[in-house]
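There are 2 protein chains.
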Amino acid sequence: MRNFNKVTIIGVGLMGGSIGLALKKRRMAGEVTGVFRRASTLKKALKHKAVDKASETIEGGVKDADLIILATPVHSIPGLARESLKYAKKGAIITDIGSTKKWIVDSVDKMFGRSKKVFFVGSHPMAGSEHAGVEYAKKDLFKNSPCIVTSTPKTDKKALDKVVKFWRELGLSVAVMSPSEHDRSVSLISHLPHLVAFSLAGAVPVKDLAYAAEGFKDTTRVAMSDPRLWTDIFLSNRKEIVKAGSCFEKYYKKIITAIAKGNYSEVVGLLEKAKTIREHIKK
Amino acid sequence: MRNFNKVTIIGVGLMGGSIGLALKKRRMAGEVTGVFRRASTLKKALKHKAVDKASETIEGGVKDADLIILATPVHSIPGLARESLKYAKKGAIITDIGSTKKWIVDSVDKMFGRSKKVFFVGSHPMAGSEHAGVEYAKKDLFKNSPCIVTSTPKTDKKALDKVVKFWRELGLSVAVMSPSEHDRSVSLISHLPHLVAFSLAGAVPVKDLAYAAEGFKDTTRVAMSDPRLWTDIFLSNRKEIVKAGSCFEKYYKKIITAIAKGNYSEVVGLLEKAKTIREHIKK
Chain G
7 MRNFNKVTII GVGLMGGSIG LALKKRRMAG EVTGVFRRAS TLKKALKHKA
57 VDKASETIEG GVKDADLIIL ATPVHSIPGL ARESLKYAKK GAIITDIGST
107 KKWIVDSVDK MFGRSKKVFF VGSHPMAGSE HAGVEYAKKD LFKNSPCIVT
157 STPKTDKKAL DKVVKFWREL GLSVAVMSPS EHDRSVSLIS HLPHLVAFSL
207 AGAVPVKDLA YAAEGFKDTT RVAMSDPRLW TDIFLSNRKE IVKAGSCFEK
257 YYKKIITAIA KGNYSEVVGL LEKAKTIREH IKK
Chain W
7 MRNFNKVTII GVGLMGGSIG LALKKRRMAG EVTGVFRRAS TLKKALKHKA
57 VDKASETIEG GVKDADLIIL ATPVHSIPGL ARESLKYAKK GAIITDIGST
107 KKWIVDSVDK MFGRSKKVFF VGSHPMAGSE HAGVEYAKKD LFKNSPCIVT
157 STPKTDKKAL DKVVKFWREL GLSVAVMSPS EHDRSVSLIS HLPHLVAFSL
207 AGAVPVKDLA YAAEGFKDTT RVAMSDPRLW TDIFLSNRKE IVKAGSCFEK
257 YYKKIITAIA KGNYSEVVGL LEKAKTIREH IKK
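Going down the list, the protein sequences come from chains G and W. For the first sequence, position 236 (counting from the first letter as 1) is numbered 242 according to my numbering, and the numbering increases by one without interruption. For the second sequence, position 216 (counting from the first letter as 1) is numbered 222 according to my numbering, and the numbering increases by one without interruption.
I should point out that these hints are in silico values taken from the structure, not numbers from a laboratory. Hints are not guaranteed to be accurate.
Note that identical chains are pooled: a pair holds if it fits in a single copy or bridges any two copies.
The calculated lysine-lysine pairs, modelled on BS3-like cross-linking and capped at a C-alpha distance of 25 Å, are [as the list claims (entries may be wrong)]:
no., residue 1, residue 2
1, Lys-256, Lys-55
2, Lys-160, Lys-116
3, Lys-144, Lys-213
4, Lys-213, Lys-171
5, Lys-31, Lys-259
6, Lys-223, Lys-259
7, Lys-260, Lys-213
8, Lys-223, Lys-149
Please read these numbers as outputs of a predicted model, since none were measured by experiment.
So here's chain G without its partners, still in its complex pose:
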């Protein structure tokens, strides 16, 4: 079913490219256009068949679009929303895939305040990998992934419904919440694990890596993610990350103190509680 005839993706990397591939596989759009800053990415994206058409300007890319997806690093999203707003046609919907929401949605809500013709709805499809670049894009990257769509008093309800439906048809499992609630939840479930993985990898002397087995590899896999992308995410959600960090530090301190004291039953109890939580999700 086509809810949007023309979909434009601004920023065609791992995420934007995977959305393009999934849209085409599911025939969810009449045409998928990509907007590129770099000619080299454009070439790769067309070769990878991630988009049908390519534009090197925002204006050219968004002017006929029914849905515009901003798939660039967090800090650039409000500016691109402003640019897209300039050229978008009446009734167009703009969404994004940024990993933090309050900073983005607050910024965009302000600038869209007077606009009646173009709507913004914040999204965060929670997939990805430690790889970056359209060459890693996969049509199934988002299948069965969670997706949070944000709602604020300024959000147009029809546009919200359409964006929710869009992600559902793309195979994601969607929840709607406020940007603040998103940032709190995601700081614990995504930002904190990345921070901890980077800290673990950073703490290990290279000479000891020879003995790294699956446990270390799994636990630190996301430390191979793009440092600039993640700094961007961390800084745009710093208050919640510091709070999430406190929860982690508290549990960690409890375990390591019990280990240092040699308190067997206390350590077992803390590990059992953690295991029970982790087993709520599969794999």
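Mind docking chain W on chain G? Use the hints.
Positioned in the frame of chain G, the structure of chain W alone reads:
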């Protein structure tokens, strides 16, 4: 090539069972015997074809063995080494697969002091998974995994060579070092990641797990490991784990402080350094 005609595995769970399967696949032993405490495990192990023969007593299992592998939780290894020593034939070699080495090897070296006929060499094949039980045993669990074999002034050099050769033929990549050096290295590369994964899982409210994507799953996968097994490992290597914890805490504090201050270039620098370290190993 058969270096050991009869191999006996005491404790046939995930690890012991996988050794049995690998030995049989590679025809590295004339006969593989398992020693079981529980009849239910014995039944499962025979069904899984992890061993050729089964014994419910140490005496029956080890008396003709050329190589005895202690594949039980850390705390039980010195006691089982003492039991095995009683019944083992002249020239037999005993090794183990315990995740900490100094406590085990020190304990065993003391009791083997007067023995000229049976040799002990500590081993730590570094594979495994968050699953426990012989039903998860796989013949390829150890393929290309690192394995540390320990050497002390009391270690018999011929026995050491045979144990090193044994793990190499089983497909592992072997390094020889002192038990202390093992414990230091492994506290950073294995024990600490487990501790951190348990802490992460323990810190997250269950209601937020709905939004857990691959990053969270990878980073906390090992928090599904057996709590008793891991408490055992943590307590037997507590001094090194506390030291490894300090290294981790230092790096973590650096990143989170830079995030709180909003220092972009400092955060990028720390993440880049961590990524570079992680990229020394594949996957």
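Going down the list of hints, with the structure as the test:
For a Cα distance limit of 25 Å, the shortest separation of Lys-256 from Lys-55 qualifies neither inside one copy, at 47 Å, nor across copies, at 45 Å. Taking the shortest alpha-carbon separations for Lys-160 and Lys-116, only the intra-copy value of 9 Å comes in at or below 25 Å, while the best inter-copy value is 74 Å. Taking the closest pair of Cα atoms, Lys-144 and Lys-213 never come within 25 Å of each other, the shortest separation being 35 Å inside a single copy and 29 Å across copies. Proximity of Lys-213 and Lys-171 under a CA criterion of 25 Å is satisfied inter-copy only: 23 Å between copies versus 50 Å inside one chain copy.
Taking the shortest Cα distances, Lys-31 and Lys-259 never come within 25 Å of each other, neither inside one copy (48 Å) nor across copies (45 Å). Taking the shortest Cα distances, Lys-223 and Lys-259 sit within 25 Å of each other both inside one copy (23 Å) and across copies (22 Å). For the homomeric pair Lys-260 and Lys-213, the shortest alpha-carbon distance between copies (22 Å) is at most 25 Å, but the shortest distance inside one copy (30 Å) is not. With identical chains, the CA atoms of Lys-223 and Lys-149 are at most 25 Å apart both within one copy (24 Å) and between copies (16 Å).
In summary, the numbered hints that this structure violates are 1, 3 and 5.
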